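Participant: Listed in order, the protein sequences are those of chains A and B. Residue numbering for the first sequence follows our numbering, beginning at 257 and increasing consecutively. Residue numbering for the second sequence follows our numbering, beginning at 99 and increasing consecutively.
Note that these hints are calculated values from the structure, not bench results. All values reported here derive from a predicted model rather than from experimental measurement. One or more of the hints may lead you astray.
[As the list claims (entries may be wrong)] Computed list of lysine to aspartate or glutamate pairs in EDC-like fashion (alpha-carbon distance at most 16 Å, straight line):
1) B:K136 - A:E291
2) A:K302 - B:D213
3) B:K136 - A:E596
4) B:K237 - A:E291
5) B:K290 - A:E296
6) B:K315 - A:E596
7) A:K548 - B:D137
Residues per chain are reported as follows:
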Amino acid sequence: MTDSTAVPDKGTDDQGILTGVEQLSPEKIERIINEVLSSETGAKLKVYVDTCVSCGLCSEGCHFYLSRDKDPKFSPAAKVKQTMWEIMRKKGKVSPEFIKKAAVVAYTQCNLCKRCAMYCPFGLDIAYVLSVMRRICHRLGVVPLYIQDTAHSHSVTGNQMWVKDDEWVDTLMWQEEEARDEVPNLRIPLDVEGADTFYSVIGPEPKFRAQLIYQAAMIMTAAGEDWTMPSTPGWDNSDMCMFTGDYEMMERLKKMHFEAATRLKAKRIVMGECGHAFRSVYDMGNRALGWKMPPIPIVHAIEYYHELFSQDKIKIKKKFDRPVTLHDPCNIVRGRGLHEMARSVVNSTCKTFIEMTPNREHNYCCGAGGGVINCGPPFKNARVESTKIKAEQLFAAKAKGAEVVIAPCHNCHGGLEDVIHHYGVDMELKFLGDIIYEIMEIPE
Amino acid sequence: MYDIYAIITGPLAWLSFAVFLGGSLYRFISLYQLARKKDGAVFQYMNLAYALRSIAHWLTPFGARNMRLNPVMTVVTFSFHIALFIAPLFVFAHVVLLEESFGIHWITLSDRVADILSMVVVFSCIFFFARRIMRPEVKYLTTWVDIVILIIVAAPFATGVWVFHQWAGFPTMTLVHILSGELMLAIIPFTKLFHMFLFPFTRGYIGSEFGGVRMAKDW
Ligand code: SF4
Ligand code: SF4
Ligand code: SF4
Numbered sequence: 257m258t259d260s261t262a263v264p265d266k267g268t269d270d271q272g273i274l275t276g277v278e279q280l281s282p283e284k285i286e287r288i289i290n291e292v293l294s295s296e297t298g299a300k301l302k303v304y305v306d307t308c309v310s311c312g313l314c315s316e317g318c319h320f321y322l323s324r325d326k327d328p329k330f331s332p333a334a335k336v337k338q339t340m341w342e343i344m345r346k347k348g349k350v351s352p353e354f355i356k357k358a359a360v361v362a363y364t365q366c367n368l369c370k371r372c373a374m375y376c377p378f379g380l381d382i383a384y385v386l387s388v389m390r391r392i393c394h395r396l397g398v399v400p401l402y403i404q405d406t407a408h409s410h411s412v413t414g415n416q417m418w419v420k421d422d423e424w425v426d427t428l429m430w431q432e433e434e435a436r437d438e439v440p441n442l443r444i445p446l447d448v449e450g451a452d453t454f455y456s457v458i459g460p461e462p463k464f465r466a467q468l469i470y471q472a473a474m475i476m477t478a479a480g481e482d483w484t485m486p487s488t489p490g491w492d493n494s495d496m497c498m499f500t501g502d503y504e505m506m507e508r509l510k511k512m513h514f515e516a517a518t519r520l521k522a523k524r525i526v527m528g529e530c531g532h533a534f535r536s537v538y539d540m541g542n543r544a545l546g547w548k549m550p551p552i553p554i555v556h557a558i559e560y561y562h563e564l565f566s567q568d569k570i571k572i573k574k575k576f577d578r579p580v581t582l583h584d585p586c587n588i589v590r591g592r593g594l595h596e597m598a599r600s601v602v603n604s605t606c607k608t609f610i611e612m613t614p615n616r617e618h619n620y621c622c623g624a625g626g627g628v629i630n631c632g633p634p635f636k637n638a639r640v641e642s643t644k645i646k647a648e649q650l651f652a653a654k655a656k657g658a659e660v661v662i663a664p665c666h667n668c669h670g671g672l673e674d675v676i677h678h679y680g681v682d683m684e685l686k687f688l689g690d691i692i693y694e695i696m697e698i699p700e
Numbered sequence: 099m100y101d102i103y104a105i106i107t108g109p110l111a112w113l114s115f116a117v118f119l120g121g122s123l124y125r126f127i128s129l130y131q132l133a134r135k136k137d138g139a140v141f142q143y144m145n146l147a148y149a150l151r152s153i154a155h156w157l158t159p160f161g162a163r164n165m166r167l168n169p170v171m172t173v174v175t176f177s178f179h180i181a182l183f184i185a186p187l188f189v190f191a192h193v194v195l196l197e198e199s200f201g202i203h204w205i206t207l208s209d210r211v212a213d214i215l216s217m218v219v220v221f222s223c224i225f226f227f228a229r230r231i232m233r234p235e236v237k238y239l240t241t242w243v244d245i246v247i248l249i250i251v252a253a254p255f256a257t258g259v260w261v262f263h264q265w266a267g268f269p270t271m272t273l274v275h276i277l278s279g280e281l282m283l284a285i286i287p288f289t290k291l292f293h294m295f296l297f298p299f300t301r302g303y304i305g306s307e308f309g310g311v312r313m314a315k316d317w
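Isolated chain A, as found in the complex:
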């Protein structure tokens, strides 16, 4: 038996956390904690904390625990023990040192993937409890440097990657021009009022993966979609503020996004292959704004592709012929049940599909989610160490013949890239869009 103690880490060297902690006093900590607890939480948090019978059954749910050779500190309940249990037991009377360790646990040792809620007999939502811890850390100004930088970018530019307004439009025009070499009449229609589909992407697309916009334009054109993209802020559907605990900013961002779509009187928002952005639009951001469900229908790329294939809107030359396996991104599988649609799209586009196990709702997270990858280099090694179980899963799929991993989520790409590289898995990573673009009949 141990009394509640935080992970005896070697100490973090993250400057965001360290500088934040330097400015803390016990009084401030107590005041902020109690403010958050009394004004923002209620029976839900209380019940989650009081009901836990410390049976440890949630451990099996967490890839951190499984990857770290079943180190008890990494079980979901243990992470709560090192953070919110202690805080609630002491009614906020905790030290700056405690906050430092709690921040490391809450921001970097949980992907908020909600898998453990399916393993705890009571369905206790540990991800929610750790989000409250993050919220407290945000209010205390103790946030890992790199992710806080993306949050700053969000508040200055409305997007995650410091993309300036003119750079955004430039990028779209550049991609349009490139694509016109292939399809002379192709357009990336900007600000078209009343279009059926408002297409939004995440900040990193124009910044690092502009070819994805190119591919999306190809697919939309081939499908004869009546679509548009906004030239104004609101084009970025991603949201790191949701993960830092900056809920005020999350609300602003989601508002910008929804309003960009409603201003153009779009019938629905189709979004690119991203998991966390989907979570922010479909689950957390809309709720924060008071919408039980999103104010405009939200269609994730997988659902959109599914529509294309089930309604025969797109023709393929021939199926992708290398054996593929599919990574189920938590945010759209445990977040929106898109796993069967994803399989249907894979089967429509690929010749050989090999399942990873466990899969669907039970799939392991890639280790990047919940903003963990966005906490950057100071936590990279620890993150990759916590994905051993994912690597084993990939190796098993590879042993069955899979050569390509399809991951229909940006974050998962980042995470899996590191897993594949670190553990020497040697498989190729692709988006579903990559595959569709590769095999589809290019329109005239």
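Fit chain B with the ligands to the supplied structure of chain A, relying on the hints for placement.
Facilitator: The following block gives chain B with the ligands in isolation, referenced to the frame of chain A:
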């Protein structure tokens, strides 16, 4: 001896029932009010059909993946909880007491079965205890409160078996039996034992979220 007996079967028994009922009611009402004030969304997303779907899966032995991953634990927890409820409610001696005091009665278990059920509870508690000190992930979470609660839960059943078999000193054990039973009842509202009442709500809520919003299974 008789005086003590009179006290613990009289006023103390009433007290423990009152604390149990009053305390549970108090906790329910205060949690409900807090939820109404602070967690309005919970009521929005609660969905009876999905809540029941999830609860049904989790009340079915091996109905969730995690139960299949931990077969021994699954068998023990299910038998423990079943025995824990059935034994005290239907043991002949209890029903006779009820009949004498209030003139009400219901079906009873044969002594043999009641004895076995009580032993199931006791051995389960020993299993849980062993798990708490041997499995690192459980040990890490365990506090002395957990152990004390485990003892309080095991006590009425262990002493019940003792009294039933009339082992040495059983008259004293009868007192301990009644007292520990009352104690267990009285602490339910104020300890983790309250999970018995919260289970339908926590499970039901996550079931509703998964079913209604996330469109995914949660078992
Ligand atoms: S499984 Fe649930 S009740 Fe058990 S320790 Fe984990 S969170 Fe607590
Ligand atoms: S939400 Fe995911 S990462 Fe976080 S504790 Fe649960 S299983 Fe682990
Ligand atoms: S990055 Fe992908 S796998 Fe990881 S939490 Fe997000 S959706 Fe899940």
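Participant: Just to be careful, I want the Cα atoms of K302 (chain A) and D213 (chain B) compared with a cutoff of 16 Å; is the pair within it?
Facilitator: violated (38 Å)
Participant: Holds or violated: K548 (chain A) and D137 (chain B), Cα atoms, limit 16 Å.
Facilitator: holds (13 Å)
Participant: Just to be careful, I want the Cα atoms of K315 (chain B) and E596 (chain A) compared with a cutoff of 16 Å; is the pair within it?
Facilitator: Given that 16 Å is the threshold and the Cα spacing comes to 12 Å, the pair holds.
Participant: Against the 16 Å threshold, does the CA-CA distance of K136 (chain B) and E291 (chain A) hold or violate the hint?
Facilitator: Given that 16 Å is the threshold and the Cα spacing comes to 13 Å, the pair holds.
Participant: For the pair supplied as a hint, K136 (chain B) and E596 (chain A), is the alpha-carbon distance within the 16 Å limit?
Facilitator: violated (36 Å)
Participant: Within a Cα-Cα threshold of 16 Å, do K237 (chain B) and E291 (chain A) meet the stated pairing?
Facilitator: violated (33 Å)
Participant: Verify the proposed pairing of K290 (chain B) with E296 (chain A), using a straight-line Cα cut of 16 Å.
Facilitator: violated (24 Å)
The structure fails to meet hints 2, 3, 4, 5 from the earlier list, while all remaining hints are met.
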